[in-house]
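*Asks:* Sequences listed follow chains V and A, in order.
Counted from 1, the first sequence has number 389 at position 389 by full-length UniProt numbering; the numbering is strictly sequential.
Counted from 1, the second sequence has number 22 at position 22 by full-length UniProt numbering; the numbering is strictly sequential.
Check before you lean on any hint, since a few could be wrong.
[Said to hold, decoys possible] Now the in silico label distances, taken between C-beta atoms and shown as ranges: (1) V:D407 <-> A:R129: 49 to 59 Å; (2) A:T241 <-> V:S486: 26 to 36 Å; (3) V:H18 <-> A:G256: 18 to 28 Å; (4) V:R362 <-> A:T351: 52 to 62 Å; (5) A:L7 <-> V:D304: 30 to 40 Å; (6) V:G481 <-> A:P131: 22 to 32 Å; (7) A:R191 <-> V:Q270: 47 to 57 Å; (8) V:G324 <-> A:P216: 13 to 23 Å; (9) V:I140 <-> A:L135: 23 to 33 Å; (10) A:L18 <-> V:I140: 41 to 51 Å; (11) A:T494 <-> V:L162: 53 to 63 Å.
By construction, these hints were calculated from the structure, which means they are not laboratory data.
For glycine and all other residues, C-beta sits at the position ideal for the given N, C-alpha and C.
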Amino acid sequence: MIADLAVRRESFLRCWRHSPGLTLLSLCCIALNSVSFAVVGLGLRAVVDGSIRADFSAIVVGAAGAAAAYTIDLVVGQIGFELRTHVVGRVTLTEVQPEVMRATMGVDTIEHLERSDYLDRIGVVRAEVWRVVDSGWAAIEAFVFVVRLGAALAVLATVSPLLLGLLVVAVVPLLLEWHGGRRMRDAEAAAAEDRRLERHLLALAIDPGAGKELRVAGAADRLLRRQRQAWESAATTVVRARLVASLWSALGWSIFALGFIGGLVLLVRQTAGSPAAGGDLVLAITVGAQLRFAVEQAVERSIDAGGAALVLAPYRWLREYHAGTAARGGPGLAPPARLTDGIVLDDVSFTYPGTDRLAVDRLSARLPAGAIVAVVGEYGSGKSTLVKLLAKLYRPDSGAVRVDGTDLADLDTAAWRAAMSAAFQDFGRYRTTVAEGVGLGDPAGMDSAERIRAAIRTAGAEEFVDRLPQGTDTMLSTQFGGVELSEGQWQKVALARACMRAQPLLFVLDEPTASLDAPSERAIFEAYMTRARAIRGGTGAITVVVSHRFSTVAGADLILVLEAGRLVESGTHASLLARAGRYAALYDLQAKAYA
Amino acid sequence: MRVRVRLLLLRRLADAGLPVVAALATTLLVQALLPAATAVATAAVVSAMRREGEDPGALSHLATPLALLGAALLVNVALKALLRPLATLTKIRIDGAHRLRVARLAMGAGTIDTLEQPRTQDLLRQVTREPSVWLEKSISDGVLGQLRTVVQYLGLAATAAVLASFAWWLVLVLGVPAVAVRLLAIRRWRRHFRIWSAGLPDHRSAGYWTEVSTAPAEGKEVRVFGFADWLVGRQQRHVRTHLGPVWADDRRAGLGQWLPTVLMFVPLAAVYVIVARGVVNGAATVATEVAILTAAWSVYATLISLDDVVNVAGAAPVVEAYEELAERLGAVSRPAPAVLGPPVAASTGATAPPVLRFEKVVFRYPGADRPVLDGLDLEIRPGEWLAVVGLNGAGKSTLVKLLAGLYRPVAGRVTADGVDIHDPVAGGPAAWRRRLTVVFQDFVRYQLAAVDNVTFGAPGPVDAVALEKAVTRSGLAPVLERLPRGADTPLSRTRSGGVDLSGGQWQHVILARACYAVHTGARVLVLDEPTAHLDVRTESEVFDRLSGTRNGATTVLISHRLSTVRGADRIVLLADGVIAESGTHEELTAAGGRYARLFKIQADRFVQGYDDRLEGSTLDGESR
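Only chain V is shown next, with the shape it has when bound in the complex (with noise of 0.2 Å):
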């Protein structure tokens, strides 16, 4: 509660910051605007009393009072809303957004990004990170609420100091239609794993990739049918919710309104066939709706607030995240200009958090400098993870990995990775040109054309890049107004990327030809051993092969078999033939359907 004050305190002066000016101009307006209704009765009854006694300069002070307080609850109000809305709005897309995005990339592991409990709370600040820096402005909220009640409630004991009851009766229909609010709060989140099912059906009924399988199965039918019971069971939740909701509320205020009736009828026979008669009750009338009116909003507010609350927490927790994570940072040491032992995995476990299996298992090897080294195993057998651990995108709960002699957590993380390069089996589709989707994969070399060109020639991408419409300035993707590509040239872009460093220590390639035609794996297979031989001299570059179709790998320097998380063999591809074990068997199993 503390820690979110301080966010919204925060929130408030980046504002103020950003835009003194517009933010002073909106709070101005908010401020004028609390007091408007008072005003307005207090000018309606200088008029009407004013006409009685034939007053004509109350009329005029009455009237032109009266009209400005109107004209600033309807025009002025809204100013000082869309200027909120517009500094909130910029603060956060050019601040508060940006910095999110840095605190998420800053981190460097990535357990975050696939933890989904953390990836939640990330979703959530992504998706409505404008309530951080509306927060600040929400508590000014409340307390214009306090301001707006109390110079209404003091107008009115202007009339009868016994209108002063009404705030007593008006707590009533507050507390209730706060307990409303939570309850329609409640029943939207009972009803989201309705809505969300029927979201996915609906999203499967208009795909033309799964209404392949819909025709063909006779399922649409059924698909509609669950689509109906999924929305119909998230409507009964929410319109019953909506209906006990405003039962309640129609409870509190008719208890208000009773009261405010019996202010009246008392404040009429006050003031029955007194001179003043008309002037009081126009007030009275036109203050009281205005009661209402506020109390609405401020438990509208309140409950908005209640949101703004979560998603201030999960952006203090990813703040706190990014912050420890960067302060456990190592001595920083700059990586080898050039390989001369090699990596040395040494004794090395690793479980990712929130399971119990170890992924890998006290895993020993060693990866000689100049070497191809293949890494096979089946699914979960640790083959990514080994990966990921080379990568720093984890860290190992115990033992090391060296790289001649030096622990990967004492080297720089930023540098280490500039000496690395890798093309992943889930790599990213950047929406993007062909130039800009091959350079992310050496920032530094992004503005450089030739050494795109390059990247691509080496990828053996060059061929289908030339074909396309307008070369390497095509856009992919037709979202963006620009072309699909099949899944063979989406992996030689991927590969193009890793190959724009030219002179990495390490090199992964992850799982590369998963679904490509004999020849295209062939290509891009080759494509991959080139460049492994081509880096390995200079810099006695490392090139990591994973893979589970041993086809690919039987030419590796060295060949690390892994089954649940274990390393369990190790060699060449003929002395692991030869010993007649895991990897022989599994060799054996694909190699008879060809032989």
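Got chain V; can you put chain A on it based on the hints?
*Replies:* Quick look at chain A alone, frame taken from chain V:
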């Protein structure tokens, strides 16, 4: 906004049901009349109070006007209590009906070509999008907005009547500037809308890069390649390109606000003074004055609010897109034949598989200059295990889609037992598909219970016997046993009690789905690249299972992994839009044609390490 769109919106009210709409409209109407009614009741109280001066002590004639005023206040409470649930119910029903209608429309088209067109996909995105930015509104927002707009004008008329009780021209004194304020606001809003929409592509791009910053797959590359700063810079560039002009317009619009301020302040003040003077002059009573003072501002309050203008304008693109979509998809959707016939010999699988024939089939994708299939002839014999191989892009998947009736050939025809599968007399593709099941590479992962994921493989009521067989024979049974709620476990973590399956586990589910279809009457089983993403052991297991579950059905296997097809009864090689080679593995290898070369490439891997291959083997054109 065009009248046609407004009418289309109002027509959607029918989806909420007559009683709900009637209740909602009545509530809105009474609410719109309430400011005028309150003003009249207040005036009545004042008038009674003033007579009180002439006849002090007797409060009797105050009772009725006070009761009226009290009633107006209580009615207001009751209306609000009614309005919110009614509006919620109306909105939910309209949106629900709309979404079902879209789903039905999208799935109603017998063939899939229209659905695949980019324009159709754009329209579908448009009609199913959930409002994410302020200028997007759901269809029900538009419907309610339109209804409220109609009703509001009735309320305005009542207020005008109150004003006219002093003098008719008072209506003009307030009405003309109030309308001017509204028109100014609309003009300003339109301009803003235009500027905002002009930047939509940048808005989408900015959103895309923001998403990338938190995506796990891209996250690895962001870190390894170190392009976080570049990404933020790119995102910010899109944000500024989109919103720079919008923010400038905000400023301009803010500065222009003096005009509505004046247009509201001056007439209101003038009316107050005029009416008060009228009382001083004896031209009007205090009661009339009170009524006008209480009611006058509601003219502005009603006209100045643009919420419903935004609602209608924001929903208009949805309605318009729906109309176009209905036209596109409606043209290809054929009404389902009245009688589909009984499920073909459920569970027993007694009927024989049909003879399938592609006769001179030509197929070309719209806009493509070359046909994918160009006079293709192919006969698939009953019970045969046929493998179709070819390079990426050779048309293997197109062949499957034609066989399933998802495309119509441009020329030629596809027949089952001599009958064109598109022949409406025979029930069209829908009837044909009951005899067919296809395992697509991009199979559907329903976020439904495991059992549904199996039984969604075939239409009609669940056949418990077939389900049992399918689960056992596909090897799904042990997977189900380990799930927390067995077969009822939803297969998605987004559902409560649900789990995400691994790739291998999904493969069992899909196999069970195909088996279920085979055991409920499908006699032709098509497998489109089923094992591309599997590891060695799972792949061989899948094929062992498959041969056990065919149940005599014709099997067509599409693959580029030649090790998996060599056991087929017959292998056909698809190239240049026709069947280029056909025969058993041994025949084709012996013939030394393209198949033999393709097989050699893959087999070579196992014979020699790639080191050797680098220097060697020039293959004629296959890799180009």
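*Asks:* Each hint needs a verdict: does it hold in this structure or not?
*Replies:* Checked hints:
| no. | hint | in the structure |
| --- | --- | --- |
| 1 | V:D407 <-> A:R129: 49 to 59 Å | 50 Å, holds |
| 2 | A:T241 <-> V:S486: 26 to 36 Å | 31 Å, holds |
| 3 | V:H18 <-> A:G256: 18 to 28 Å | 23 Å, holds |
| 4 | V:R362 <-> A:T351: 52 to 62 Å | 58 Å, holds |
| 5 | A:L7 <-> V:D304: 30 to 40 Å | 35 Å, holds |
| 6 | V:G481 <-> A:P131: 22 to 32 Å | 24 Å, holds |
| 7 | A:R191 <-> V:Q270: 47 to 57 Å | 53 Å, holds |
| 8 | V:G324 <-> A:P216: 13 to 23 Å | 20 Å, holds |
| 9 | V:I140 <-> A:L135: 23 to 33 Å | 27 Å, holds |
| 10 | A:L18 <-> V:I140: 41 to 51 Å | 46 Å, holds |
| 11 | A:T494 <-> V:L162: 53 to 63 Å | 57 Å, holds |
Of the hints listed earlier, there is not a single one the structure fails to meet.
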